[in-house]
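Order-wise, the sequence lines are chains A, B, C, D, E and F.
Going by my numbering, the first residue of the first sequence is number 1, and it counts up by one from there.
Going by my numbering, the first residue of the second sequence is number 1, and it counts up by one from there.
Going by my numbering, the first residue of the third sequence is number 1, and it counts up by one from there.
Going by my numbering, the first residue of the fourth sequence is number 1, and it counts up by one from there.
Going by my numbering, the first residue of the fifth sequence is number 1, and it counts up by one from there.
Going by my numbering, the first residue of the sixth sequence is number 1, and it counts up by one from there.
Check each hint, because a few of them may be wrong.
Identical chains blur together in the list; that is why a pair holds if it fits in one copy or across any two.
List time: in silico SDA-like cross-link candidates among lysine to any residue, alpha-carbon distance up to 25 angstroms [unchecked claim]:
| hint | residue 1 | residue 2 |
| --- | --- | --- |
| 1 | Lys222 | Val20 |
| 2 | Lys2 | Ala129 |
| 3 | Lys2 | Asp143 |
| 4 | Lys2 | Ser116 |
| 5 | Lys222 | Ala19 |
| 6 | Lys222 | Thr196 |
| 7 | Lys222 | Gln128 |
| 8 | Lys2 | Arg23 |
| 9 | Lys2 | Glu124 |
| 10 | Lys2 | His194 |
| 11 | Lys2 | Thr30 |
| 12 | Lys2 | Ala148 |
| 13 | Lys2 | Ala27 |
| 14 | Lys2 | Asp125 |
| 15 | Lys2 | Ala133 |
| 16 | Lys222 | Ala190 |
| 17 | Lys2 | Ile216 |
| 18 | Lys2 | Ala141 |
Derived by calculation from the structure, the hints in this document are not laboratory data.
Protein chains: 6
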Amino acid sequence: MKVLLANPNATEAITDACAVLARAAAAPTTEIVPWTNREGPPVVDSFYGDYVAGRPLAMRLAALAPGPDAVVLAGFGNYGTGAVKEVLEIPVVGLAEASMAFATPLCHRFAIITTSPRMIAYTEDLVQASGFAARCATVRAVDLPPVAAGEPPADEVVASLLTEVAAARASTGVDLVILGGARLSPYAAALRRHTTLAVVEPVACAVAMAESLVRIGLAQSKAGKYALPPRPLGEYG
Amino acid sequence: MKVLLANPNATEAITDACAVLARAAAAPTTEIVPWTNREGPPVVDSFYGDYVAGRPLAMRLAALAPGPDAVVLAGFGNYGTGAVKEVLEIPVVGLAEASMAFATPLCHRFAIITTSPRMIAYTEDLVQASGFAARCATVRAVDLPPVAAGEPPADEVVASLLTEVAAARASTGVDLVILGGARLSPYAAALRRHTTLAVVEPVACAVAMAESLVRIGLAQSKAGKYALPPRPLGEYG
Amino acid sequence: MKVLLANPNATEAITDACAVLARAAAAPTTEIVPWTNREGPPVVDSFYGDYVAGRPLAMRLAALAPGPDAVVLAGFGNYGTGAVKEVLEIPVVGLAEASMAFATPLCHRFAIITTSPRMIAYTEDLVQASGFAARCATVRAVDLPPVAAGEPPADEVVASLLTEVAAARASTGVDLVILGGARLSPYAAALRRHTTLAVVEPVACAVAMAESLVRIGLAQSKAGKYALPPRPLGEYG
Amino acid sequence: MKVLLANPNATEAITDACAVLARAAAAPTTEIVPWTNREGPPVVDSFYGDYVAGRPLAMRLAALAPGPDAVVLAGFGNYGTGAVKEVLEIPVVGLAEASMAFATPLCHRFAIITTSPRMIAYTEDLVQASGFAARCATVRAVDLPPVAAGEPPADEVVASLLTEVAAARASTGVDLVILGGARLSPYAAALRRHTTLAVVEPVACAVAMAESLVRIGLAQSKAGKYALPPRPLGEYG
Amino acid sequence: MKVLLANPNATEAITDACAVLARAAAAPTTEIVPWTNREGPPVVDSFYGDYVAGRPLAMRLAALAPGPDAVVLAGFGNYGTGAVKEVLEIPVVGLAEASMAFATPLCHRFAIITTSPRMIAYTEDLVQASGFAARCATVRAVDLPPVAAGEPPADEVVASLLTEVAAARASTGVDLVILGGARLSPYAAALRRHTTLAVVEPVACAVAMAESLVRIGLAQSKAGKYALPPRPLGEYG
Amino acid sequence: MKVLLANPNATEAITDACAVLARAAAAPTTEIVPWTNREGPPVVDSFYGDYVAGRPLAMRLAALAPGPDAVVLAGFGNYGTGAVKEVLEIPVVGLAEASMAFATPLCHRFAIITTSPRMIAYTEDLVQASGFAARCATVRAVDLPPVAAGEPPADEVVASLLTEVAAARASTGVDLVILGGARLSPYAAALRRHTTLAVVEPVACAVAMAESLVRIGLAQSKAGKYALPPRPLGEYG
């Protein structure tokens, strides 16, 4: 099976890092096909970045031929997830919804740690919109430097994550944490070595969910919200 | 005061119809400046249309110079409202949020009637995201033909609206109805002649709210969710 | 247009202070007519004070002739707001609902700061009853001395407000604050000079909303909750 | 033990009917002391009636001397319940809260049937304010004639109640019904003969709860919301 | 009247301690009949303990003959409360639901203090399932030693409870506290001497509610959720 | 990988039918090991049946040696799911939570159709307890005959399911349906041929989720709610 791993932003390094995680999680018979949204922003760090990303993402994915068997949208955000679900009939899975769907049966309440303080409000909206607010006790943030600056030393990132994990647990009693940003996913393994909380890495969840949906013959329902748009796609812009 | 009336879709006829309503609602000293999102879709009728609209809408409005005193986003949807609030410091008001803000103190519970059945789910998400779900008892829809077909006879539209108003009232006891689509706004006056429920026309609400915010010196808070995006806008795409 | 500014308590000094704020917010063509509830309590500082205020407030306002074009109820509470909406057909707007209606589109989540710790529970009930709980992250309080003692030095009040604003932001991440008490309204301007959060002053919001409703031809719906009471008002007591 | 049965309205016939129910429910050692709010409205049929009732109710009950051991507020409404709880230290129990407190452990979801369609919104607000919305599936209404017209034949009232019970069950699957109005309480016994649903009569619940609270030494907490008002009661009005 | 006081765990000392509290709360004419779930666990300290307790509890109580007039389930948990309500027609009342039903009209928001940190999640689920989440502001825990170790000195327990009461009040403003575990109930009287908050002891509430239900002729509705199981009980296992 | 498929009831025919579905959904390298709860009830059709099932289910699964790699609890209910998660360290997945986790990203709102009207309340509680209430619009039921009577003709079951699907869609606009009972799962394929709504069959979802969790190295968090019970399991009963 072929799973397209679509990075909503334009930074190839993030695509590459996600592809490594995706391949580690995928079944041996699954081919992970990385794809980068070249017309998107360097990173989705705001509602503005979200909307700049979403239009070309949805337009280009709608036009892919031949198509994959499923699409994983490899960003922890919205950036037009609903639009992609509308224009495609194959399963489309976002990182946030997949990780929360897997986390919910595994814990009492979870925390999400995102990549910068300003993304907390954005992420809270995303949790609500995705239907998982009942189990999300808190959204917190580390503060990663801009993408262009390169990634900081892993130790520093893990230390920051641990600080937030501890604060989330102390204030809300969460027993599971989701890494809420593709840039944080590579640190999951290291983080697990330092905390007793379950740590959910979203790329693995989304790949597993996409594979599962293909295997058991499910995709987003075309009977309502995600039906094809009412006019030919070429007329939209 | 200058209020930009920004139609998120590309259909000038809708811009014009909204401008008529806006001018009727505005104070004599307010200048309504209509603006059409030429790179947007003919109408926002789907999540796909929403994201196609939002990117150019946010980009072009960010670049307006000299800017107006406030912006009214003249569609009953999302299409990047948060993005526009981020990039501008002047008040930015959407039709949905303004009409629900005005409706809430005026009723027990309200219904929204949107322009097509497939927009019900979209609109329910919008109500939730805007923070007004507590008072929205139901979202229902008439079924307008495509924009290109021209507007159907007013009598027919009003009759359809009345059918939905009656159904909403019978099933949920609402005492107020919001017309949830810019294409429905011109029928508000006629609808009022046939129902005892309060009828809220969103363009008037949004213009009034925008004027009010300018007058009393308020705009979206720049201390959190709607702070300027973290990098120069030119870097986004 | 004539807007009656009805202070639910009997303290003329509060009426006067509100009238100053109301006139500053009103359009030049609006006449603000101050009115004091002489049979009410010195201040609404409890549920008991609320009910003592509400009966004469509703009775006297129902009997006003000739009536104004709209009524602003100039207290941050309930004190029979629903009763006044029932007995009048012109728009009736309370401070709490108006300020929350304006705040909701401007922020991610807001805090309300009220005038004494014991009013926190009262205000939380009010937020819930008004339909705005989804966006109210916290209610906090300064601790003003009794009205009769006169107002404390402005610096002290502003410093207390700033302490609560900072605490609200630290614990809940709010990006906007509403001054939840008519006695706090005069400090809005000074508070704005010391915080980056948006500060919402309710008298201005309520006046603006009342003017807007008159202008665009809306009032509380008479088709349900706020229909005229079922018997002649003279029979009630 | 002495339990004051305080009718918030001025109609003695309703006081008398409630006293019959109260005495039937009370322990043999409990003395039911009926009290009528002579300055109140003939019936609480609106928010206006609610606030007209509440002021004298709270004022007169605060002044009772010697006081009873507990107070039952014998109307299915608000009319200043919080104010009475503030001014008294003995247990104060309203019909609505007592009946919902008893109903919650007895069912999956309950319906409330109130005395007129216009009281549905009022009652929905009351349910929310009382903290029992999670289990209240619906509020419906019969349509009693005005109090002055006398009570209609019992058969007719019971038939109307049965119609609403059946409609509530069909639409929401409730397994218990609360009679939401003191005027409906006398029909509980007859209604039970015609439905398999549990029927909760609020006067009995409130008397039982009041007796229980006295016996086990509980009353409304004086450490917060229901603390005594901050100034001497004589200063309020 | 005969009220069976059924301890869901196998520890007779807890049964005895609850019986003391029950008899102190009961009317003189009520006979409290203690019963211990001998096949249950020593204490319900986990979901595992809950399910180990529930099967024999429901089976044995279903077989009691002659039956009592009501059953109080004397543990602050679930352990098959719904199952017991199904198999019996007499009133069945659990400690948690009874104490929250009594607490709700007495306060703005309550805290529950349970017996060990791991029971916080369990108790939060219980609050939600019982329909009282709207008024429960927080669940906190002391940390009692295992039952077999005997009870620690009363002073220590009360001091631990006071620490949690103070923390609950500081963080959430609760004005009432419920002792969320049968082992904590005996400390209610001592706790009350050291706090201004209302302290609710669940055994007394449950006994009072059970007596009240018998007296006023109510029990769990047999028209839905708590109808008799569909097959003869002997077939279940 | 070895996945234990644990039927909480004692009916081997249901175990067998689930095993067929599980094997069809599993990866070729996964071994499905069926297991029947011989001490459980013939079917979980009540809270009583739930608790009768849960004790032996949790006790026997805790004692399995050598253990499988994951456990699927093959009933659409609770029956001690939390207890099993406590006593095991390998992933434990129930049908209800897995199917709702997969359904949530695929639709706007889903309906659950359960096996008998009396299980509607039970299932609504389960949805709430599992954290998925935000997207579950309605729970409806067909009315299967007792297990012992054998399964009715497939056509009849499918026709009944279609009736409920249509009613759910008409009243709430759901775009996806979950078959809420292991006895209904075999009809999923036939149902899909007659409806445009997405149909989710829970056994396949649970198997896929269990396999995914094993592959990506996740299980229920042991840092809170699902930590091992505090005493040796042998002491519980």
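Point to revise | Ascending list of hint numbers which this structure does not respect | key: 1, 2, 3, 4, 5, 9, 10, 12, 14, 15, 18
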